[in-house]
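S.K.: Read off the chains here:
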Amino acid sequence: MASLAQEPGLVTITIDGTELQVPKGELVVESVKRLGREIPIFCYHPRMKPVGMCRMCLVEVGMKQPDGTVRMMPKPQAGCTLPASDNLVVITDSESVIADRRGVLEFLLINHPLDCPICDRGGECPLQNNTLFYGPSTTRYVEVKRHLPKAFPLSRHVTLDLERCIQCGRCVRFTEEISGDAQLAFLFRGAAMTPRTFELTDLDSKFSGNVIEICPVGALTSSDYRFRARPWDLETRPSTCLECANGCSVWFDHRGGKMVRINGRVNDAVNEEWTCDKGKFGHGYLNAPDRPAKPLIRKEDVLAAADWSTAYQQIVAHFEDGRTAVAGLVGAKVSNEDLFQFKRMFHRHFHSPNLDHRWTRILPSQTEGVRGLHGIDEVHTRIAEWESVNAALVVGNDLASDQPMVYLRLRKAWQRHGAKVVVISERPTYADHFASAVIRCEEGKLFEAVARLSAAVLQNREGADALRAALKPFAPDAKDRAAAEALKGEFFTVCSESVYAKPDGGKTVSALANLAVGTDNAQRFNLYPVGANDMGAALLGVHPGGQGMNTREILEGCIQGRIKSLWLLECDPFALWHDHQQVQDALENVEFLVVQTSAPNQAMQYASVVLPCCAHVEADGTYTNIERRVQKIEAIWRPKGDAKPSWKLFTELMLRMNPSRPIFEPSELMEMIIAEDESFAPAAYHNLEGNGACLPLGVDAGAQLFMEIYQ
Amino acid sequence: MPELKLLLKHKARTLDEYRRIGGYAAFQKALAMDRQAVIDEIKKSGLRGRGGAGFPTWIKWNGIPKQKTKRHYVLCNADEGEPGTFKDKELMESTPHQVIEGMMIAGWATQADVGYIYIRAEFMDCARAVKSAIDEAYAEGLLGKNIQGTGWDFDLHVHLGAGSYECGEESAMMSSLMGERGMPRLKAPHAPLPTIAGLWDSPTLINNVETFACAPHIIQNGGDWYAAMGASTKNSRGTKIFSVSGHVNKPGNYEIEFGTKLSDLLELAGGIKGGALKACIPGGSSVPILNAESVAKAVIGYEEIGEVGSMVGSGGCIFFNEHTCIVALMWRTAKFYMRESCGKCTPCREGTDWLFQIHDRIIKGGGRPEDINLLKQICAQIDGRSFCGLGDAAAWPIVAALKVFPHEYEYFIQHGKSIVDTPQSKLMFPYAEPVPV
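Protein chains in written order, with my numbering: chain A, 26 to 736; chain B, 10 to 446.
Among the hints, a few may not be true.
[As the list claims (entries may be wrong)] Cβ-Cβ distance ranges computed for the label pairs, FRET-style: (1) PRO198/B to ASP702/A: 50 to 60 Å; (2) ALA62/B to GLN440/A: 29 to 39 Å; (3) GLN386/B to GLU224/A: 38 to 48 Å; (4) ALA62/B to GLY723/A: 51 to 61 Å; (5) GLU120/A to ASP134/B: 48 to 58 Å; (6) LYS344/B to LYS100/A: 21 to 31 Å; (7) GLN440/A to PRO65/B: 35 to 45 Å.
Quick caveat, the hints were computed from the structure, so don't treat them as lab data. Every value quoted in this text rests on a predicted model; they were computed, and no experiment measured them. Each residue gets a CB set at the ideal place from its N, CA and C atoms; glycine is no exception.
Based on the sequences and whatever the hints tell you, model everything.
M.R.: So this is what it looks like as structure tokens:
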């Protein structure tokens with residue numbers, strides 16, 4: 026065979042007689058895929074360092090000599106750890122390779138319980154699959170099988186069946202390499218080796234659910250899903266997780282109208298293939314037995330089922346042209362289309378600007394906040410970019426809780442190329458273990474800590490004299506100066522809007538923006554939202570604007586009687602607002618309360634009208650995540666009872682108030698959104714197949730400092 | 010041939026005693042030599058690794074980068090765990106400075122900053138002896154900063170293992186030393202050699218205790234002088250210490266020149282006791298077993314002993330008399346490897362367990378005729394397929410026993426009891442009576 030012309034960075038290797046060029050150092054197990062072939066694997070996982078433990082991928086390997094002959098290595102080699110080098114010859118289908126695979130499978134199976142008929146993994150099990158294709162059909166093992174605990178709880182979510190474990194180490198490596206909490210380790214040795222937590226510790230990682238998915242057998246099982254279904258009885262549909270604003274791609278498995286489990290779906294731009302426990306185990310509300318299925322109307326202190334028409338009638342009577350006496354509050358899991366239609370209804374028909382989607386203590390107005398005071402965008406960095414940053418400043422709550430995927434990427438940056446990370450927080454965070462500096466401040470002193478670090482960072486730099494002067498009152502200590510070393514050059518800032526829940530949150534954000542602007546890092550500043558579609562709500566203007574009332578003013582207005590009618594869209598103020606008494610007073614005092622919800626909540630007991638609406642898996646819609654990626658979620662189930670998609674409900678109401686051409690599809694609403702706001706143009710429905718589309722980031726209008734916070 | 014004592018010639022536990030027998034003269038000589046010249050001397054000597062694999066020592070020394078960009082390490086493998094081997098124990102206990110001097114010469118030749126002696130935890134006396142020798146060397150300025158005004162800094166530390174045979178495997182030793190679980194690491198061609206990226210990803214030279222102990226003698230007397238010993242063999246030079254044990258009258262360490270006959274070694278150890286010679290494991294429990302006929306023919310040398318089907322290994326030479334049941338011996342061997350497998354790779358983890366269970370069943374009287382083939386196939390599924398050499402080491406003795414003494418297995422399986430039916434042989438059995446299965 027004629028040799029291929031060599032391109033730089035590529036090497037020529039031969040796999041089963043076919044010559045091909047691959048990047049130098051590519052693992053043979055990956056190169057083989059280029060030919061549409063596969064090498065069976067267990068321990069190998071493309072997102073973790075290869076270890077070559079299970080020996081399933083043994084192949085014959087040789088080197089082509091200058092005279093054209095091939096010198097084979099005496100032993101078979103693991104394809105998952107072997108890097109491609111020039112003249113490498115790989116044989117994946119020889120008698121000996123086939124015998125080796127059968128041998129390894131025989132070894133794995135001798136102590137495996139073969140309880141496939143009742144195993145959660147049965148039907149989607151790599152051990153089953155590999156055995157089918159490469160394994161022996163009978164056993165030669167006549168000794169007694171190893172017996173070990175069958176339901177060994179590792180945590181609230183994960184149960185380990187030790188007999189099924191094939192000791193591939195994927196789970197152990199996941200907690201060491203990916204989540205970084207190193208909560209699993211191998212105990213004992215030889216045939217007795219088992220993956221466990223250390224004594225008196227749990228697998229309480231925020232990412233523990235992933236080990237269930239990467240386990241190649243049914244050893245690590247979900248405590249919730251155990252023995253609940255067979256995989257072939259499930260319907261699996263792609264969806265997006267709405268438990269936070271990262272918008273991870275997931276597989277949504279359901280059966281008989283019940284959500285059964287959530288698995289990670291590959292999306293290299295967002296979650297790679299991981300999920301956090303909040304997302305993986307947090308969708309239980311969809312299965313709640315008491316989800317509202319009919320409109321309810323209060324009659325003599327009791328909520329009674331009613332029809333839509335009566336409910337609409339009452340709502341129109343209280344809201345139409347309600348002006349400043351009506352208000353709407355919105356939760357996080359509302360689609361762009363629903364939000365847009367809700368806002369239109371309020372603006373056009375109720376003539377009320379009193380709308381808000383924010384529930385934090387601090388509610389910056391249009392002239393405040395990062396844009397108002399500093400003229401920079403809230404977000405500049407996409408999720409995938411975090412894995413290539415060299416220095417980062419992480420401020421506020423635990424990044425792993427607020428932005429789990431940003432956390433995983435940032436940890437990867439540290440692990441792969443030693444990114445320097447500075448953490449400023451009031452409490453211990455997940456990122457502490459790899460941070461080059463941790464500044465732990467007292468509760469409520471976040472702003473001072475940021476200001477002191479800013480002063481230390483500016484000591485190392487030229488320029489920004491005005492900011493340096495303003496920071497005079499904040500003398501950095503040795504720890505701040507040490508931390509500032511990591512931020513000498515370009516650095517990225519990440520903070521979540523949960524910081525607005527702190528009394529000094531506004532000042533903290535402003536101080537961070539000042540630091541970013543003062544050090545020419547404004548292009549790397551990020552204040553990410555936390556709620557699933559908070560970004561969408563902010564972009565679509567579901568906030569008071571210049572004239573309206575914000576969440577606090579609306580609640581106060583209800584208590585004082587200025588707000589007569591309140592509409593709660595997919596939100597429970599008791600769960601979201603920090604002052605329970607204020608919520609209770611507001612809901613008790615408001616004359617007319619509409620609670621529109623897909624799941625039962627505490628506010629319902631004060632409602633005048635309850636409107637059942639679809640949860641995200643029951644209606645088509647788009648959601649905007651922290652990096653302004655608009656992703657479409659398609660309806661998976663039929664709505665519960667008489668529940669309607671929220672946008673449809675608003676459309677029907679608007680038709681009652683002003684008959685016009687109705688809207689039939691959410692895509693029409695997206696067209697209207699685009700017509701109103703050009704920045705949404707990439708999100709036209711025909712662009713949203715696959716991983717969705719990103720809206721522009723970093724729309725900066727002249728960065729500026731804001732010094733008054735330091736006084 | 011008589012013993013040729015080089016490493017075991019003197020007992021010198023203290024620095025004074027060691028100086029009296031010419032200690033550290035070789036180190037002084039090496040300091041005056043060019044680094045490459047030291048390595049060339051080792052190359053001339055033909056020294057091969059004494060830990061078991063017999064890899065040419067100079068290639069490792071020469072493989073450490075000459076342009077230093079990172080810290081360099083020297084690691085002494087003193088995790089002598091191979092059953093039947095106890096040469097390093099004596100070397101460290103009787104002349105610890107000899108080992109330290111060898112490491113210092115290696116450290117000088119490879120521009121090392123730090124040396125570690127990884128001693129198995131059971132060798133507490135060794136650890137004490139080596140530690141006090143290191144303390145003496147520091148006090149005399151032989152170790153530490155700016156040694157002898159050369160500007161070279163070299164520190165030496167003792168590290169105790171935690172009771173794992175696997176940690177004698179060089180990459181597992183590095184894992185263990187770095188605080189990780191004692192499991193082997195990827196090796197070439199899957200990862201760079203330890204001489205490029207070993208401990209903490211830095212160049213690391215790893216040699217056995219005996220190998221390091223040879224270095225002072227080679228530097229002092231020249232590589233050619235050393236290479237003259239063992240010249241009758243194909244490619245084995247110098248002397249080798251054999252730890253002779255088993256059914257011999259005078260068990261102990263015997264240092265002989267390569268080219269000595271295996272039967273001469275038996276004579277040195279006072280000959281076989283309690284009956285006629287039946288078998289010998291010449292190089293530690295992992296090497297193939299030999300019968301009396303092969304022992305008579307065998308000449309000690311890396312290649313020579315290979316001609317009769319075994320290996321020099323680590324030099325743990327065990328002789329067995331006629332009262333030895335080979336099946337029971339293999340039961341014991343299989344049990345050792347089952348318990349010492351680290352668990353990392355499938356063939357070794359599951360295979361060693363299975364091999365032991367079959368042996369256990371056979372000696373309980375429950376053997377089946379197909380077990381012999383099964384044992385052979387399991388061994389073939391382990392040998393060369395495991396992650397590190399432990400799997401191979403578990404398979405070889407059984408493969409050899411099945412080849413050399415097949416009738417013993419056949420008899421045991423057929424009759425449910427050993428072919429060796431003497432009162433002495435009863436002592437070998439773990440179970441008082443064969444237990445019907």
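S.K.: If a hint holds in the structure, say so; if it doesn't, say that too.
M.R.: The hints, checked one at a time:
1. PRO198/B to ASP702/A: 50 to 60 Å: Distance hint for PRO198/B, ASP702/A holds at roughly 57 Å.
2. ALA62/B to GLN440/A: 29 to 39 Å: Roughly 34 Å apart at Cβ, these two residues keep to the hinted range, so it holds.
3. GLN386/B to GLU224/A: 38 to 48 Å: 40 Å, holds
4. ALA62/B to GLY723/A: 51 to 61 Å: This hint holds: roughly 59 Å between Cβ atoms.
5. GLU120/A to ASP134/B: 48 to 58 Å: At 52 Å between Cβs, range holds.
6. LYS344/B to LYS100/A: 21 to 31 Å: The hint (21 to 31 Å, Cβ to Cβ) holds, given that LYS344/B and LYS100/A are roughly 26 Å apart.
7. GLN440/A to PRO65/B: 35 to 45 Å: Check passed, 37 Å falls within 35 to 45 Å.
Consistency with the previously given hints is maintained throughout, with no hint failing.
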